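Chemist: This is what each chain is made of:
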Amino acid sequence: MTVWVPDDDGHADLSAHDSFERGVPHNTFARMRRDAPVCWTDYAQGQGFWSITRNADIARLNRQTDLLSSAQGIRIEDQTPEEVIARRTFQETDGKEHMATRIKVAKAFSKPVIAGFEDQIRELCVEILDDALPQGTFDATKLIARELPMRMLGRILGTPDEDLPWLVEKGDALIANTDPDFTDHVLDKMTTDEFRLMPFNSPAGAELYAYAKDLMARKNAAGDTNGILHLILQPGPDGSVISDAEFRNFFCLLVAAGNDTTRYSIAAGLQAMCHQPELLGQMQQGEIWNTAPDEIIRWATPALYFRRTAMRDFELHDQMIKQGDKVVYWFASGNRDEDAFDDPFRVDLARSPNKHLSFGQGGPHVCLGMWLARLEVRVLFEELSKRIKGIEAAGPHKFLRSNFVGGIKSLPVTVQLF
Amino acid sequence: MKATWTLPDGSTKTADVAEGTSLMEASVANNIPEIEGACGGCLSCATCHVFVDADWLGKVGDVEVFEDAMLDSTDVERTDASRLSCQIKMSADLDGICLTVPTA
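Those protein sequence lines, which keep their order, are chains U and C.
Mapping to our numbering: the first sequence position 31 is 31, numbers consecutive.
For our numbering, count along the second sequence from 1 and bump the result up by 1000.
Careful, some of the hints might be misleading.
Computed list of lysine to aspartate or glutamate pairs in EDC-like fashion (alpha-carbon distance at most 20 Å, straight line) [unchecked claim]: (1) Lys1013(C) x Asp1055(C); (2) Lys107(U) x Asp1093(C); (3) Lys142(U) x Asp130(U); (4) Lys1059(C) x Asp1093(C); (5) Lys96(U) x Glu1064(C); (6) Lys111(U) x Asp1095(C); (7) Lys107(U) x Asp1095(C); (8) Lys1089(C) x Asp1055(C); (9) Lys386(U) x Glu123(U); (10) Lys107(U) x Asp1068(C); (11) Lys111(U) x Asp1072(C); (12) Lys107(U) x Glu1067(C); (13) Lys96(U) x Asp1068(C); (14) Lys107(U) x Glu1064(C); (15) Lys111(U) x Asp1055(C).
Taking CB as the label site, the calculated pair distances span [said to hold, decoys possible]: (16) Glu1064(C) x Val84(U): 26 to 32 Å; (17) Ser1091(C) x Arg196(U): 47 to 53 Å; (18) Gly1058(C) x Ala217(U): 47 to 53 Å; (19) Lys1013(C) x Gly281(U): 48 to 54 Å.
Calculated from the structure, these hints are not laboratory results.
Please read these numbers as outputs of a predicted model, since none were measured by experiment.
Here a beta-carbon is modelled for each residue, glycine too, at the ideal position from N, C-alpha and C.
The following block holds chain U by itself, in its conformation from the complex:
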């Protein structure tokens, strides 16, 4: 059975969040990959942008940071230079400046260090599944997909478990700032610019700033200075230190981006299991665990795009991109490119090689939490597949209203336990 069928008319407005409310408009991306691989979109709320939709083009451009910079913003929304500085993390830097910050936390997120979390992750998965599965019919995003990364976030940041629901609610208000289910301040419907210096232009940013300050004071008072949040404050190999603003924004980034991406990867995997029943059997046979996490994460593509800015004029596929133009790498499209994947609209847990772009592969900003995401996804589905003999949809699922975060925000399922 084919998994969900896109129903857009092939000409969806990629600048409009509403275009993504019934899932990614894949008919539009398929047309662009075929006929217009460098395609201009007008944007009612600012400057228009170029869309790059082919897998090979995205992978090739992503490393050319002298040509396509992150430093002027990584979202489609326009930002003034003042907003860029106030809201900046190392995501919005290039070259050596980016490296100098990233290197401070690289080891903490490296494969061998993350592998050390496997037992903790498995314990959390068992707890979560023991709570959720006996309910029979339930919202799998809420009870399974949301829970694991939220509880792991607490382990990574060193925050008390009782703070986690509040933190995740605020993180959602930031990153899902275009969906009225997650924020009262819907970005493209706001009538104030009061929050424009806050992360994601969201008032939740101010609350997270205050929380980070308190948390660090408590940690310092307790002599607890070994975690991620202290590592990022150390001087880099070149002696550079990040500013207070960058620290607070880094905290918000971990709470927001580090959380919902894994949630929506797990949700997409669960949704795929409902529509391709053979996946459960393949998981139970157990030969696919080296490749399955990446395929599930390809299928999900939680970060639908990141944006760059052209540093000089250049020509690509007969289009002239001008200095200062915004250029959008649509990972959602690159991950369904027929030239990069056989049968891209089918989940193949044994897919190898898998040239997906969900982590922003091919460039310096490749996902810092890549190993954590792969590990959480693998262990969750390993433990789930041991416990159920079937899973099916118990109603229609709902997508987040966002052209930036691809996520199934509610996923009613029914499971049959062994």
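With the hints as your guide, set chain C onto chain U.
Modeler: For chain C alone, kept in the frame of chain U given last:
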């Protein structure tokens, strides 16, 4: 020009590598196992770690400060022969270079 990899299963694989191509790119193009090259050669990951065979170690150039730092993040622990293969570009001096893919 050629490069040879000793793979985790003990077998070897030799491939043609064009001048100027990084040994990470050559690994990915030839499906060398365990070499992912996730960041495209930008020193943001450590997924192209190799051990350079002793005969070639003197010819591959020095380790820069960021590569040195990233080598602390490899899956298999670094040794004096460790390099990130994205930082080694094929040249006439390196024709025939031998690398070993680290294995846990």
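Chemist: Indicate, hint by hint, whether the structure satisfies it.
Modeler: Consistency of the hints with the structure:
no.	hint	in the structure
1	Lys1013(C) x Asp1055(C)	holds, 18 Å
2	Lys107(U) x Asp1093(C)	violated, 33 Å
3	Lys142(U) x Asp130(U)	holds, 14 Å
4	Lys1059(C) x Asp1093(C)	holds, 7 Å
5	Lys96(U) x Glu1064(C)	holds, 12 Å
6	Lys111(U) x Asp1095(C)	violated, 32 Å
7	Lys107(U) x Asp1095(C)	violated, 33 Å
8	Lys1089(C) x Asp1055(C)	holds, 17 Å
9	Lys386(U) x Glu123(U)	holds, 14 Å
10	Lys107(U) x Asp1068(C)	holds, 12 Å
11	Lys111(U) x Asp1072(C)	holds, 11 Å
12	Lys107(U) x Glu1067(C)	holds, 13 Å
13	Lys96(U) x Asp1068(C)	holds, 14 Å
14	Lys107(U) x Glu1064(C)	holds, 17 Å
15	Lys111(U) x Asp1055(C)	violated, 29 Å
16	Glu1064(C) x Val84(U): 26 to 32 Å	holds, 29 Å
17	Ser1091(C) x Arg196(U): 47 to 53 Å	holds, 50 Å
18	Gly1058(C) x Ala217(U): 47 to 53 Å	holds, 51 Å
19	Lys1013(C) x Gly281(U): 48 to 54 Å	violated, 34 Å
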